[in-house]
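4 protein chains.
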Amino acid sequence: MQAATFVEPGSIRLQEHRIPEIGPGEVLLRVTTTTICGTDVHIMKGEYPVRPGLIIGHEPVGVIESIGAGVTGYEVGQRVVVGAITPCGHCHPCLGGSTSQCGGKAMGGWRFGNTIDGCQAEYVRVPDAMVNLEPVPDELTDEQVLMCPDIMSTGFGGAENGRIRIGDTVVVFAQGPIGLCATAGARLQGATRIIAVESVPERAEMAKRLGADSVIDFTRDDPVAAIMEMTGGMGVDVAIEALGTQQTFESCLRVLRPGGVLSSLGVYSGKLTLPLDAFAAGLGDHSIVTTLCPGGKERMRRLLNVVKSGRVDLRPMITHRFSLDRIEEAYDLFANQQDGVLKVAITP
Amino acid sequence: MQAATFVEPGSIRLQEHRIPEIGPGEVLLRVTTTTICGTDVHIMKGEYPVRPGLIIGHEPVGVIESIGAGVTGYEVGQRVVVGAITPCGHCHPCLGGSTSQCGGKAMGGWRFGNTIDGCQAEYVRVPDAMVNLEPVPDELTDEQVLMCPDIMSTGFGGAENGRIRIGDTVVVFAQGPIGLCATAGARLQGATRIIAVESVPERAEMAKRLGADSVIDFTRDDPVAAIMEMTGGMGVDVAIEALGTQQTFESCLRVLRPGGVLSSLGVYSGKLTLPLDAFAAGLGDHSIVTTLCPGGKERMRRLLNVVKSGRVDLRPMITHRFSLDRIEEAYDLFANQQDGVLKVAITP
Amino acid sequence: MQAATFVEPGSIRLQEHRIPEIGPGEVLLRVTTTTICGTDVHIMKGEYPVRPGLIIGHEPVGVIESIGAGVTGYEVGQRVVVGAITPCGHCHPCLGGSTSQCGGKAMGGWRFGNTIDGCQAEYVRVPDAMVNLEPVPDELTDEQVLMCPDIMSTGFGGAENGRIRIGDTVVVFAQGPIGLCATAGARLQGATRIIAVESVPERAEMAKRLGADSVIDFTRDDPVAAIMEMTGGMGVDVAIEALGTQQTFESCLRVLRPGGVLSSLGVYSGKLTLPLDAFAAGLGDHSIVTTLCPGGKERMRRLLNVVKSGRVDLRPMITHRFSLDRIEEAYDLFANQQDGVLKVAITP
Amino acid sequence: MQAATFVEPGSIRLQEHRIPEIGPGEVLLRVTTTTICGTDVHIMKGEYPVRPGLIIGHEPVGVIESIGAGVTGYEVGQRVVVGAITPCGHCHPCLGGSTSQCGGKAMGGWRFGNTIDGCQAEYVRVPDAMVNLEPVPDELTDEQVLMCPDIMSTGFGGAENGRIRIGDTVVVFAQGPIGLCATAGARLQGATRIIAVESVPERAEMAKRLGADSVIDFTRDDPVAAIMEMTGGMGVDVAIEALGTQQTFESCLRVLRPGGVLSSLGVYSGKLTLPLDAFAAGLGDHSIVTTLCPGGKERMRRLLNVVKSGRVDLRPMITHRFSLDRIEEAYDLFANQQDGVLKVAITP
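Residue numbers (the working numbering), protein chains in the order written: chain A, 1 to 348; chain B, 1 to 348; chain C, 1 to 348; chain D, 1 to 348.
Don't read these hints as lab results, they were simulated from the structure.
One or more hints might be untrue.
You can't tell identical chains apart in this list, so a pair holds if it fits in one copy or across any two.
Here are the simulated DSSO-like pairs of lysine-lysine, each with C-alpha atoms no more than 30 Å apart in a straight line [what the hints assert, rightly or not]:
1) LYS208 to LYS308
2) LYS271 to LYS105
3) LYS105 to LYS308
4) LYS105 to LYS45
This is chain A alone, in the form it adopts within the complex (with noise of 0.2 Å):
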């Protein structure tokens, strides 16, 4: 089968692989529509290592083909949808909730193009089945629910984490794929003012779209001192994080009234540091949570209850579509962010 691969720092190409074969509580999934996450670039740039020949991608949906032993609950050829983060649902740490640290190692849960075979590919072996795969309802696309596996749950989490209650007011710093989503699920929580920072036009389109109120462009506003002015001088109850740098984290904090939460999804690199004087020297009873993405099907479960409730609709999202065989010509657009791209749909 083809399966976009990991070759070095570098490259992904689309190379051979032989379809995998499946063990006791298993699935093999033919994927019929899968996206690229920016991690994924991550990878291919060599800022996240993995080892070479491994298949990429984290975010499948797809038709089970057939099914391991001990597995029940389920057929062939149903159309199911599978977490970026595949727990195994049994460890101490799964059990006590923290399902996306699996194991109790950092990013545990994470296994699809990590530490196994991904799913941009023709088909993907999917681990602990029975925990992981949710049935799609037949009345809704693939492209519909293509979100769920991954940007749809971080971005939902990061809300869901800040703890926003109503009448909140927050900030979500980056309205890329994931910041997006932590603009609708801040909405979905029943924050009343929502501030988007996003200096894309398209983006900061998509954020009003999605439920942002008002957007800063921080090209042309010091987005510091616009919140702090559209606050009253009061600051946020939330603010989250959606990039990965030192300065959209320093920002959070010189937004975040004392007593408030910082919500971070970034993935960051190089030095972080905490301004102590947004920081109120740790005595402003600030604080800062960070979320990964999570998994499991019954988190796959309540974000299909979102699409089918319409009540967030993230198919616009969806900028580009290729088919796998032209993936390599997708990374490409997405890596370098050409031609407006939210998010591109796959299809093998």
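Knowing the structure of chain A, use the given hints to seat chains B, C and D on it.
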């Protein structure tokens, strides 16, 4: 009256002041016992700026001398304790539960010895008296309740905000007065393995007395390595920082399991950096929470309940006693951590 | 001045009263708009006893007429809204977050039209003004904010205390004013399937307008059977009771999934029995939570945020308007639920 | 093998059964110690129906005899403890944290001695072994951990779900095995005043040993009046019901402060009525939470931590010991509460 006064950086002196006058909603307290806090030493050294001439001190036990207009439910002669933090009770942040950040400004609830005259004096004016004065039961001595206003409230708050659950493993970095109270608080909340990090033998001993199961002397053992070994490589559920240095903050993150909580009590200066490897680049589902001493009379009532119950006895932490006229001597001793001092009792 | 007065069971009459005098900490409000609550009807009927001669009403919008000693931060002429519940802000329960149970007595925070004179009058005395008065922005009309004091706060509180999460299925039994606000609150909190139970067509219509996905007419279908079928036999995550009868309470339990939350808003009379089969004999991990309207100015601020944001618009619930001198007529209409009445606006 | 078997209402007999065969994901446990639960007595009496021929018992400590296909991480000969509740770990409710209600059916997680053969036998088949088997450290005896599967998990769960906070006053109605564990749990969580209600002297004594500050003998004093007096008329913060009768449930509500939590552990039969005066007609911000014994190996791990720490020692609760072949005698003693029995240890 005599009062410990901030004169200039490097100098807190006993000076003569007029007895405060009180307005509506206020009470004049005759201080019977107070103490010196680490923060007072920061003030003395000029590291935390206050206005010259300010009376220092924020941990009062005393007797009501006179009662301002509009204050009901108290009587002259009643013995009371008042928190270090004196929230107003009627601003939006107070009503929203963020009493330590009263007024919406960082540390806004900390007024005694910071923005208004404090209690290392014969008398102190208590603002918003009905929100802040808690009667002390006759059966409790001043010294039994002397830690309630600040270190007990702060230390317990660190344990509470760490969201400790029955069966948790908790580490507390540094066993000064605050850290010792965090240790006691962790014990009260059901942590079943409490590891303290401390090198001073008297403090290590006190840590065990207050609930630590083991103490790591960081001058002998690398605490990060020791804790990871003690936990079979899994790390701790909650790490409490009670010193305020880059090293202890960083060590907290290094021993914290993915999904765990770093509860920070320290006052940081200079730079504070998040080690991205230990922080899993932001993907470890870690939380960092900070706590400023909770105040107000309901908090005091709960802490008095703890004292009355005998669950925690902090009297042994009072290692030295001075009359108010010898307070400069007390500052010398306390600031230089001489003679095994933990806390001093000052009696006007 | 004119004021709706409880005379004896069965009789609320417009009578002449002296304009209230205010003391320290209080404010005199000239009422500009108020409304009648279902509770007022209970009072009228003698089902909820208050003292004869008491002025009724607890939902004031008005303008500050005069300001008592010690009250700062407000000015004469300012337009404000005050919650139905007026906590003192300084008792132990208030400081512990239990403001509706101010003083530690059940319903202790409910004073207007219950233990002190209410606001169906030209003027009303507001106790603990600094805790309770929230300025209304100029851009909002009285009618836009008229639901904030009680039904919006109560209904949203039912949704909040139900701990609704993104993706939940929620049922709201009864779509009177409180139930309608619970529906709107469930929507605001991220419920993705909201089932309302109501037979009155206008209320069913309003329920859909405010966020219900479907409405069950209990005169046509058995709601328990219908909901169990709609949820594939799983039941709902959160069931909100907004009527106060044995039947609706019991139905809530019968459609609630094990581990779910019954959020009760109704005022019950007579007997209330827990059906042990639906309650799994106490072993179903069910929670039952009750909510009395949250008050205080911070609550009002948050609700005003909702109104300002346009997320929820309750103006269509005001179906009738009366001047104060016609309030007896308004009681007739409202108590007998004539002419499709939902809420009335009363203008002195 | 020999096993305690439900024959018909009124009769549990030791009968011969075949040693269970295990399938994929399962483990065969050789039971080394088990005990009898109050629920088993309900089963014996026919009050809780199970199918005739079923082996009873749900509190196993044992040694792994054989391991089914697909089970990894365990070895034959390993000593383990298993919770009374054995969740599957992969259904939606389990993944949503509602493990005791596994499968979405009330009490769905309770399988041993309820829907599958139990452990009052020489051998027991453990389903979903990787979710449920927790190794017992060598330093702990069987009897030290014998309460972990049910009463310790249940009693602690009642304290945890009561959301006890430092400084709370808590009452526990009834000091049978579950109530005693709730008392110990309340102590572990920071309650500073624990009032137990019990008339049997040995149980009252044990209550004090496990953490009660005082015990009310309801045959001498009216507990409601006594508790209201002890709390100065304020009532308790958390009331734990550990018997399952109308009277104790109602008394809990009568002593509960507005805003407090009734944490219910009892199994009720007949009718259960909410006294509307104590329930403030539904307006007292009361919460009623019920708890079915939390299970799964992570729960067992946490409880073993408690045992290891020495914080709580439940060995004194084992008042009698029987070999399995005398289990009918043990049922007689236990069902009739003779000879001061609290818990019995049964050794096959």
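Hints and how they fare:
no. : hint             : verdict
1   : LYS208 to LYS308 : both (21 Å within a copy, 17 Å between copies)
2   : LYS271 to LYS105 : both (22 Å within a copy, 28 Å between copies)
3   : LYS105 to LYS308 : between (34 Å within a copy, 25 Å between copies)
4   : LYS105 to LYS45  : within (24 Å within a copy, 43 Å between copies)
This entry satisfies every hint, going by the numbered hints stated previously.
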